[in-house]
Amino acid sequence: MPAKSISATVPNSGRIVHDPELCRGCRICEVACSAYHDGVCSAHLSRIHVIPDDLALEFPAHVCKQCPYPSCYYACPKRDKAMCIDEDTGARYINEEECIRCGSCFRACPFNPSLVWQREEDSKNIYYKCDLCRDRDQGPICVEVCPRGALTFQARGGK
Amino acid sequence: MSTPYGWMGKISRVDLETGKIRTEETHQYVPEYIGGKGVATRIAWNELKRGVGPYDPENPLMFMAGPLTGTLAPASGRGSVCGISPRIYPTPWFTYGTMGGDWAAELKYAGFDGVVVRGNASKLVYLWINDGKVEILDGSELAGLDTFVTQRYLKEKHGRRTQVVCIGPAGENRVLWSTIQHRLSNSIGDAGFGAIMGAKNLKAIAIGGTGGVRIARPDDFIAACRKIHAMIKNGPTTHPYHAPWGPETQQCSHGCPLGCGKLHKNVPAGVTVGSGTRNMMTHCEDYAFICGERTTNYPTEDIRDIYKGDMFTRETKAFGERIGTELQALCEGLGLTSSFLINYYPWFWVCIENGVTEIEGFTLKPEEPQFWFDFMKKVAYREGGIGEVFSGDMLRAVDQLDLPPVVKKAALFQFPMWGQPAHRQGRAYESQPTPLWINTMLHWIIDSRDPMACHHQSSFVAGWFPLHHEGKCGTPDSNMEKLRATYRKAFGTSEGIEPGLNNIEGKTKLAVWQDNRAQIKDSLLLCDWLFPAILHTFPSQEEYLEADDYYGDIDAEAKMLAPLTGLDIDTPYIDRAGERIRNVDRALHIRNYNRSKEIDTTGEWYYEYPEKSDGSTLDREMFNALLESYYRNRGWNATTGHPTRAKLEELDLRDVADSIESRTKSKDD
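Chains as they are written, first to last, in my numbering: chain A, 85 to 243; chain B, 2 to 670.
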C-alpha cells in the first residue's frame, strides 16, 4: 500500500472538554457512553474514563482530544478505512470492520494513558476511542448526561 | 425467566472457615426477588436456621447489587448488605443496611450480583474480587488500620479504580456502633454489620472489574433513563424547587445526577484525614456538632412539659466547622456510626441533670469537644470501663448500669424500637405532622430496623415539603390541594394523605404500598430520597407555584427495568415483587424469631407522647385499629400478624406457607 504523506492536513474536529473542577465523579458519562456504543453499561468499555481519587476528592478524566494533527490517524496502515475522519464532525474514529488490530493508533497516541483504548476479547486486541457519537443527532451522549456541566462539546473551528 | 441482561447471573458464595468458594446462579432468585435485599431475604429464608446468632459462622453477611446497579439509571448507585444484626434490641435478628458509592457497581463489573460470606476466618483476611474470581487474601497488614488508610492501602495494591468496603478498629473490636465504610462518608451504620465483619475476621472487600451490564434494548433504556433523569434532576423532594449543588464533595452514589446540596453540607478543606486533607460528605447527623442543628423545637410549653423540657432532645452543641468535621472524620476513620453521637449527647445531659456526672470513672463533659474525641476512641477500642460498657449499644449499656429510672427512660426514648435511633417519628427529633407520622409508625412497627429507605419516602416524597414550606411555596391550603391532585393522579384517590386520624383504611393502604416499594428500592437498587417518584421537584419557585400538582411517575422503576432486562415487567409486577419480598421477610421473622403482633406492639408506648408540631397522640385502641387495618390490607391475620395462606399462595409462596403452618402447629403442640 502506498504510504500517504503524513503532512496531509485533515479537517479540524470538535472535541469533548472535561473540567475536573466541576466534575464530582458520578461516572454516569462512562455508563452512558458504553450503553450507546456497545449496549452494555461498563466503565471499562467506555471511551471516556473518569478515574476519581475517592479519598482526595480529585476527579481527572481521560477522553480523546481529537488532535488537529492526529498521530493515531497518521499511524494507521489502513488510514481512511480503519482510522477515519468523519466528514460532518471531524471526529477521528475507528471503523471496527476494517481495523486489523495492529495497535499502531494505540501506540501513536501521545497522551498518557493512551486515549485510544485497548481491551482483549476472544484473545484478540480490540481498539476503541471516542468518536464524538458521530451517528447521534444530539451529539456526544456523555456531554448530554453530565449533570454538572463538567463535560462540554467544543465545536470545531473550520478546516 | 433467565436473561443475560441486567443481572450478571452469578452470586459468589465464600466460606471463610473452610476457604471454599463457589458460585451459584442468580436466576434461581430473579426476577421474582429483583435483586439486592430481595434476593438476600430469599437466601436467608432458604438457609438461615432458628437459633443462629449474629457472631455464629452460619450468619451469612450478604453484599448485594441489583439489576439497575452499575447502569445509567439515575441515582442507582446504592448497594445492600444483609445478615443478622447484633445491634437489634432486645433480640438480634435478620435485617439489612444500604449505602451508596461505587462498590456495588464495581461488584457487577467484576461479574457478580452479590457475594455471600459465611464462616469466621481464623485470622484477619480480606476478599479480592476481580473479573469473575474471588480470593481470600491475608489481611494481617491491615490489622488496626483506620477505614481511610485501609482503603488507600488496597487501592495502591490492586489499582486506583479498586472499590473497597472495610471496617475500622471499631469493627475489628466488635463494637455494636461499628460501620462498614466505603469511600468518604458512605457507610452502613445502624445495622451494626461492622461488628459482624469483625467477628468473621473480614477486614475488607476489594473489588475491581472490567465487565459490564448488558442491556436488552439499549435505545429504549437510554431514553427511559433520560426521561426519568429530567423528572428528578431538580433534587429530592425535601425541597420543592431546585436545590443548589453541594459544592465540595463527591456525589454519594454511582450514576447519581443530583448534588443534594441541602443534604451534603459544604465544609472547608483542610481537615486532616489519614494522609491528606479532605472535604467530608456531611449529612444531617454529621452536621450535629458543626452547627448544632438537629432538632425541631416543641411549639408549646404544654408539650415541652410532657417531654421534661428538652431533656430527651437537647440540641447538640455547635463546635464549629473545623472541630465538628474532625469529629466526623475521626468517627468514620474509627469505623463508628456518626448517628450515635446525636443520641448520646442529650442522654449525657439527662445523666448530668439527674446527678450522674461520671460513668465507670469517666467524667461526662458533653459540652467539650475533647470529651467526644476521648469517648469515641474509648468506645472503638473498648478501652477502660466506659469503652467496654458503651461498645454495646446504649440500651444494653443501660441494662448493665445502676442509673436513676428517668435516665433509663431517656435511653429508651433515644432508641424507641428495635434498639434503633429515633427517626422520623415526630417525637424525639423531627416534627412529622399528622398524617405523616402514622405512616412512619407503621413502617417502624413492621420492619426489623429503622426503616429509613421507607420513611425517607413516606416523610418526604409523600408530602413533607408542601406541608413544611408554606410561605415560600404558597399557602398550606393551596399546597394541600396540589398534593391531593398529585395523589389522585397516582392512585385515583387522596384518602391516604388526608389530615387527621380519620379514614385509617386509606392511610394503612398507602403505608402498605410505601413499604412494598421500599423493598423494591432496596432490591433494584435506587436512591431512597427519590423513589418511588410520586412527586417531583421544579426548576424554579415560579414553576412550582404555577403547577396544578406535583406528580412525578410511579411507573419509573418498571419503565427502566423492562428495557434493561428485556422482560415483560410492568408496575403491577414491581408492586407484587415488593409484596413478595416483605412477606418472605415477615415469614422469616415469624419462623426464626417468633415475630407476632405482640412484638409489633412493643413500640406502642412511644406514640402516646404527642407529636411535636401538632400535639397529636395515639391511644391504645386507635393504635390497635391502625395495626389491624394494616394487617388486613396486607392479607395478614389481624390477630396474629401472620401472613395468611391465601396471601402467600397468591404470591407463589406455597412453600413458605407450608413452613409457617408447620411451625405454628408444632408450637401449638
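Hints in this document: simulated from the structure, not taken from any laboratory.
Think of the CB as a built atom: it goes at the ideal place given N, C-alpha and C, for glycine as much as any other residue.
Hints should not be assumed to be uniformly reliable.
[Claimed, not checked] Computed beta-carbon distance windows for the label pairs:
(1) Asn47(B) / Ile184(A): 50 to 56 angstroms
(2) Pro144(A) / Lys378(B): 33 to 39 angstroms
(3) Pro197(A) / Asp400(B): 53 to 59 angstroms
(4) Lys158(B) / Pro152(A): 36 to 42 angstroms
(5) Asn209(A) / His28(B): 29 to 35 angstroms
Hint check:
1. Asn47(B) / Ile184(A): 50 to 56 angstroms: holds (52 angstroms)
2. Pro144(A) / Lys378(B): 33 to 39 angstroms: Holds, at about 35 angstroms.
3. Pro197(A) / Asp400(B): 53 to 59 angstroms: holds (58 angstroms)
4. Lys158(B) / Pro152(A): 36 to 42 angstroms: holds (40 angstroms)
5. Asn209(A) / His28(B): 29 to 35 angstroms: holds (32 angstroms)
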